[in-house]
Amino acid sequence: MALHIVIRTDASPAIGTGHVMRCLTLANALARKGVGVSFICREHEGNLCDLIEEQGFTVHRLPAPESSFEADATLAHAAWLGAAWQEDARQTGAVIRTLGIKPTWLVVDHYGLDYRWEEALRPLVGRIFVIDDLADRAHDCDLLLDQNLFADMQTRYAGKVPEDCRLLLGPEYALLQPIYAELHDRIPLREGPVHRILISFGGADRDNLTGRALAAFLSLNRPDIEVDVVISGSSPYVHETRDQVAGHDNIHLHSNLPTLAPLIAKADLAIGAAGTTSWERLCLGLPAVVVTLAENQRPIAAELHRLGLVRWLGHKDEVSELSVRQVLAEVIEGGIDRGWSLRCRATVDGKGVDRVGAVLTITAETPLQVRHARLSDEALLLTWANDPETRRNSFSSDPISAEDHRRWFYSRLRDLEGCRLYVVETEDGIPIGQVRFERRDTAWEISYSLASQFRKRGLARPLLKAALLKMRSEYPGALVLGRVKPENLPSRKIFESLDFDTIPDGRGGIAYQRVL
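Positions 109 to 624 (this note's numbering) are the ones given, in order, by the sequence shown.
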């Protein structure tokens, strides 16, 4: 049966446009895979339902908020929902029932919804995928994405999601349009003089930070520097901004762009918010001076600033035209340090939407390919090795330090005769796990692990089968061995299903062997 995914998200002046835009990016990536996608959106003022439909997706519209609506006091952003969560769940459920199929996934990208709403919808869908940035409420979901950088990233959802919920954390999963991955290795690093500046504060710049930043630049009297200013055509400040730029041939006003990528590629420096555009700028190596517009942006900006990826000026109510002017003058006078641009580009590769799409669509029948591990796989393999479930199933359960892993990893890469270390990935190049064959006298011993986000999908057997075929192509007739803890019943069943014979182990485990 074809996959169908339903996305529940909204846009409004209070919510902004970022939630819908990143969900549209995900929807387009899924549609290219042949997945059916539809949206459920409330008709808030400033909604983007027409834009979603223009991109070819069905939008099921929930009624506009009623003036008598009272927000749930237990959720910080409940007012953004525009209805009581019970009413929203009832309306959303009614839409899902009309589809005539049980959606494979329900994607929820809304700060006004929590575990209660998700519990109510769970019987109607296969799995629930939550996209969040706040970690301020509990969820009942199978998968959660937080694409941001936080100092406490690995622990911030502890106790807020079910124990078996898989987490996709960090900007490697940032939902960027495909053009960013395409341009990531094409756009040169920034260094030296600032010739062009990009000013963009997103689609809901209710405090007119755009005008503040523009005034700060104009006060520098630098007609030799080109400036691109992006502002929504529906902004209450659009006419004021047009008046500001009038008569300045070096300042170019843009509205309602399908993507910021061309302007980011041209710019040497950006001024903007610390929201979702941060990952687009980082992907293309663009240094930025940022202002936080919402409370949830503060810890993100603080971590980006600590890592030397942005210059954080402060929160919107702390930043004046003068403070913007001072930092602009400083950066322009000193020029852009190449290292700043390099750090940016190294943080985001733009392939996040492909990684998320693979998690949502992969099945046991998905074609897999096998390649030898590369130096660039070091961090990935360490993450997999230190996954708690992997450590529990290992005969050595202690966590592995980065230094010890590097020593081990380098030695395996250099041992061409005694080790075959394979990475198994989708046809799109998304790694799902690793299989290692190490020579032990006349046989090769197998170790394997599956990335946590791909577990419970029937993929362990296809992963090992693909690696065995690769090993057979390189060492036909090789004797391969597997050792498993007695309590690891899933791995035991996999070896048995792949025609391995059980043999005596003598080391406290259960051993299997097979000739390729």
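Hints are computed from structural coordinates only; laboratory data are not their basis.
Do not rely on the hints blindly, as some may be mistaken.
Listed next, the in silico SDA-like pairs over lysine to any residue satisfying Cα-Cα at most 25 Å (straight line) [unchecked claim]: (1) 593 - 536; (2) 601 - 411; (3) 141 - 529; (4) 268 - 167; (5) 564 - 529; (6) 374 - 346; (7) 578 - 523; (8) 573 - 534; (9) 593 - 556; (10) 573 - 521; (11) 210 - 194; (12) 141 - 513; (13) 564 - 539; (14) 141 - 167; (15) 268 - 411; (16) 141 - 411.
Label pairs and their computed distance ranges (CB to CB) [said to hold, decoys possible]: (17) 615 - 523: 53 to 59 Å; (18) 366 - 154: 14 to 20 Å; (19) 366 - 504: 19 to 25 Å.
Predicted model, so just to flag it, every value in this text is computed and none were measured.
Where is the CB? At the ideal position from N, CA and C, for every residue including glycine.
Outcome of the hint check:
1. 593 - 536: violated, 33 Å
2. 601 - 411: Not OK: residue 601 and residue 411 at ~44 Å, beyond 25 Å, violated.
3. 141 - 529: Given that 25 Å is the threshold and the Cα spacing comes to 29 Å, the pair is violated.
4. 268 - 167: violated, 30 Å
5. 564 - 529: It holds: about 24 Å lies between the C-alpha atoms, which stays within 25 Å.
6. 374 - 346: holds, 23 Å
7. 578 - 523: OK: residue 578 and residue 523 at ~18 Å, within 25 Å.
8. 573 - 534: holds, 14 Å
9. 593 - 556: holds, 13 Å
10. 573 - 521: Given that 25 Å is the threshold and the Cα spacing comes to 22 Å, the pair holds.
11. 210 - 194: Distance ~21 Å between residue 210 and residue 194 Cα, so the pair holds.
12. 141 - 513: violated, 36 Å
13. 564 - 539: Holds - the C-alpha atoms of residue 539 and residue 564 are around 16 Å apart, at most 25 Å.
14. 141 - 167: holds, 20 Å
15. 268 - 411: holds, 22 Å
16. 141 - 411: violated, 35 Å
17. 615 - 523: 53 to 59 Å: Distance hint for residue 615, residue 523 is violated at roughly 22 Å.
18. 366 - 154: 14 to 20 Å: holds, 18 Å
19. 366 - 504: 19 to 25 Å: violated, 51 Å
Of the hints listed earlier, those the structure fails to meet are numbers 1, 2, 3, 4, 12, 16, 17 and 19, in rising order.
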